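Colleague: Let the hints inform the model, and build the full structure from the sequences given.
As given, the protein sequences belong to chains A and B, one line each in that order.
Using this note's numbering, the first residue of the first sequence is number 1, and each one after it goes up by one.
Using this note's numbering, the first residue of the second sequence is number 1, and each one after it goes up by one.
No wet-lab data here; the hints were simulated from the structure.
All values derive from a computational prediction rather than experimental measurement.
Among the hints, a few may not be true.
In silico negatives: residues of chain B with every beta carbon more than 12 Å from chain A [as the list claims (entries may be wrong)]: (1) Ser17; (2) Phe52; (3) Tyr128; (4) Met146; (5) Leu153; (6) Asn195; (7) Val239; (8) Val252; (9) Tyr282; (10) Arg285.
No farther apart than 16 Å at their CA atoms in a straight line, the calculated lysine to aspartate or glutamate pairs in the EDC-like style are these [what the hints assert, rightly or not]: (11) A:Lys246 to B:Glu143; (12) A:Lys264 to B:Glu143; (13) A:Lys65 to A:Glu105; (14) B:Lys63 to A:Glu417; (15) A:Lys338 to A:Asp358; (16) A:Lys295 to A:Asp227; (17) A:Lys371 to A:Asp390; (18) A:Lys65 to A:Glu417; (19) A:Lys151 to A:Glu417.
Rough simulated footprint, nothing fancy, chain B against chain A, three-plus residues with beta-carbon under 8 Å [said to hold, decoys possible]: (20) 96-108; (21) 248-257.
Cβ coordinates follow ideal geometry from the N, Cα and C atoms, glycine included.
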Amino acid sequence: MKKLVLLLLALFLIVTPVFSAGKTEDARATQKTEIDFQVWVTPNLTVEYWEGLVADFEKKNPDIKVNIIQAITGESTADNFLRSRLAAGNFPDVSHVFTEDMFIEAGAFLPLPIDDDVRRLRNLDGMIKEDGNLYTYDSITLVHGLVYYNKQLFAQAGIKTPPQTQAELDAACEQLLRAGIVPMTVAGADWIAGFALSIFAAPQVFYNNTVWYKDKNEGKVSFYDADWRDALTRYKAMYDKGYIYKGAPAMDYNDSQQFFLDGKAAMYPMGSWFSGAPEAVNADFEIGVFAPPTKDGTIYMSAIANRNGYAVSSTSKNPEAAIALAKYMGLDPYAVSKRLALEGGFSDMENADDYAYDMTYIQEEVNEIYKNAKVMTNNYNHPVGANPPDGFTDALTVAGQMLFTGGSVQGAMNELETYWNTNQGQ
Amino acid sequence: MDQERLGLQRSLMALPSIVIYLTFMALPIGLTVYYGFTNWNGVSPTWDMVGFRNFTRAFTDTKFIYSVRFTLFFSVMITLLSNFLGLILAVALNKPRRGVNLFRSLIFIPLLISPIAAGFVWKALFSYTGIVNQFLVKILPIEAVMFLGKPDLAKVILIIFTLWQNIGFCMVIYLAGLQTIPLDSYDAAAIDGANYFQRFRYIVFPYLAPSTTSAVLVMFTSAMREYPRPLVLTAGGPVGQTETLAFRIFKVGFDANQLGYGSALATWVLIITSLLSVAISYLLRKREAFLK
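Modeller: This is the structure in structure tokens:
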């Protein structure tokens with residue numbers, strides 16, 4: 001009998017808090033709608049940045065609670081993590097997505113409403129998919145290819161104006177070498193090897209053919225064509241002649257950026273996000289920027305528009321709240337201008353003035369180039385008339401590393417051509 | 001009747017293990033093989049069956065073939081060196097002496113560190129602007145060495161890094177094996193006038209046969225599945241020269257979004273690793289026959 005009483009008492013003690021906790025949770029749940037938001041944390045878009053925006057959103061929408069989920073990325077994009085969540089059946093309500101086509105095809109995203117705010121997107125027609133739906137809210141254009149330079153080192157070498165043509169770039173590199181200055185730093189040990197290759201190849205290849213990827217899919221062009229051969233030959237020559245620092249194959253992204261910030265190299269090819277980085281703004285020297293040179297000196301710019309948007313899960317239990325968050329992140333002037341400031345991007349909205357931010361002096365220079373660019377396309381893993389095959393960036397990285405480690409231009413062309421032909425449509 | 005009940009009870013007691021094995025081992029392996037016959041991209045709710053196309057494609061995939069060659073080379077090096085060095089250390093640290101436990105701990109600790117975390121440390125050591133290069137440039141009249149930028153050097157660093165983490169495991173296995181050798185065998189050898197190397201060759205090494213089988217198999221199969229260390233240290237580069245099989249499969253499945261083909265490659269790896277493991281096990285277990 002004593003044992004029975006003790007057992008009942010123990011059960012009571014265990015069960016009571018469990019039930020009461022459940023009631024408390026239920027009570028809370030009736031007050032607030034909870035949604036999951038997957039973000040991609042980068043050196044520019046930090047955890048604090050995301051938390052700050054979510055706090056502002058929750059303040060403006062007191063009935064919604066947002067749970068931030070940080071993607072585990074490793075060497076890959078956040079989309080790989082997103083894909084795992086889709087397979088596991090716990091897809092987040094809202095996600096910051098990079099390769100939306102795959103998820104749209106899988107029916108993972110909800111078509112988003114197009115209201116008057118959304119209609120202010122200048123590239124709205126380009127964002128609407130073949131099925132007539134819009135799946136992401138994003139109003140940002142990021143410049144993918146720029147060359148930053150150390151004004152002090154340029155002056156030291158006697159270079160008065162930044163190069164506009166490829167010949168002028170070569171001459172500037174020679175001048176820097178004669179002055180005992182390393183002309184350029186590139187991270188050859190990771191994906192930057194392919195990214196920088198794309199930065200220097202684009203003014204040659206995509207400047208001449210703004211739908212090159214589409215033509216490649218239709219068999220009209222190949223990586224053995226003169227433009228790619230010239231671009232790869234130039235990239236290899238830049239390394240062989242010492243224009244690109246000889247330690248490049250062993251340097252990763254951080255090493256290379258620090259090398260430039262330490263004043264050890266005069267030039268640094270990178271995207272516009274570097275122009276907003278505090279370490280760039282606070283460097284001990286003044287930083288200038290120019291567009292990767294074309295043959296004839298026309299300003300060409302490779303930029304990506306509306307490619308890192310916010311999507312809503314088609315299985316979200318709270319679609320209204322999720323749409324509100326996606327719209328806030330993708331279109332709200334406060335949220336978007338914060339991101340523009342950190343990544344040195346440009347607003348794609350008709351009312352772009354509402355998205356103005358205090359530009360750093362480097363961003364002002366990028367803005368000038370952006371305004372004066374005569375030809376603009378995407379590059380790298382973004383559509384140039386059509387999407388490249390998935391994983392194409394890996395082939396670019398291998399080709400870039402090949403050219404840095406004694407490989408031939410022919411080998412690099414083979415790598416790119418084989419990857420494309422083998423993987424397109426798989 | 002009692003016997004029947006006992007049998008039923010035993011079967012029920014084994015059931016949880018069977019369920020766990022089927023859920024977490026047999027099912028994933030079965031699904032991997034199944035997806036190998038599809039063109040699934042890993043996301044789409046539908047896919048088509050493509051027969052053996054993915055499996056035959058592997059034969060013409062130069063990158064996969066290279067990763068098979070590199071992984072076999074890597075696995076053989078890791079298996080041989082970690083066992084050789086682990087055995088030497090175990091013998092050296094077998095007798096109770098002052099400080100022996102400290103040395104054992106120092107050698108074993110790297111095994112307890114996450115390969116990812118350790119990888120960042122090794123990268124900081126051997127990167128172009130890393131600690132090793134800073135030291136070398138300071139004391140020698142040379143330029144910084146591209147440890148991770150030259151394919152051959154990158155492979156050497158990767159092997160040394162993996163050995164640094166794995167030797168402790170082999171040492172512990174061999175230390176355990178050394179404790180099982182009957183002392184009278186040593187006494188008999190001493191009476192017969194056997195020297196140190198003869199004792200090692202005719203007593204220690206044969207008695208360590210079960211330990212060798214375990215250590216060799218564990219080292220070989222783990223090296224065949226190597227993924228985190230090349231990921232952090234070299235990102236598979238330069239020019240894909242340190243891409244292991246697991247690394248290649250991940251790239252195919254998740255970066256190129258060809259999960260069907262990636263599954264077929266994983267199935268090939270399963271077959272290759274299983275066959276080699278069975279062969280190694282068969283050969284090594286022959287050495288254990290005299291113990292029975």
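Colleague: It remains to establish, for every hint, whether it holds in the given structure.
Modeller: Do the hints match the structure? See the list:
{"no.": "1", "hint": "Ser17", "in the structure": "holds (25 Å)"}
{"no.": "2", "hint": "Phe52", "in the structure": "holds (16 Å)"}
{"no.": "3", "hint": "Tyr128", "in the structure": "violated (4 Å)"}
{"no.": "4", "hint": "Met146", "in the structure": "violated (4 Å)"}
{"no.": "5", "hint": "Leu153", "in the structure": "violated (9 Å)"}
{"no.": "6", "hint": "Asn195", "in the structure": "holds (48 Å)"}
{"no.": "7", "hint": "Val239", "in the structure": "violated (5 Å)"}
{"no.": "8", "hint": "Val252", "in the structure": "violated (8 Å)"}
{"no.": "9", "hint": "Tyr282", "in the structure": "holds (37 Å)"}
{"no.": "10", "hint": "Arg285", "in the structure": "holds (39 Å)"}
{"no.": "11", "hint": "A:Lys246 to B:Glu143", "in the structure": "holds (11 Å)"}
{"no.": "12", "hint": "A:Lys264 to B:Glu143", "in the structure": "holds (15 Å)"}
{"no.": "13", "hint": "A:Lys65 to A:Glu105", "in the structure": "violated (29 Å)"}
{"no.": "14", "hint": "B:Lys63 to A:Glu417", "in the structure": "holds (14 Å)"}
{"no.": "15", "hint": "A:Lys338 to A:Asp358", "in the structure": "holds (10 Å)"}
{"no.": "16", "hint": "A:Lys295 to A:Asp227", "in the structure": "holds (11 Å)"}
{"no.": "17", "hint": "A:Lys371 to A:Asp390", "in the structure": "violated (31 Å)"}
{"no.": "18", "hint": "A:Lys65 to A:Glu417", "in the structure": "violated (48 Å)"}
{"no.": "19", "hint": "A:Lys151 to A:Glu417", "in the structure": "violated (39 Å)"}
{"no.": "20", "hint": "96-108", "in the structure": "holds (count 6)"}
{"no.": "21", "hint": "248-257", "in the structure": "holds (count 6)"}
Hint compliance for this structure: hints 3, 4, 5, 7, 8, 13, 17, 18 and 19 are broken, all remaining hints hold.
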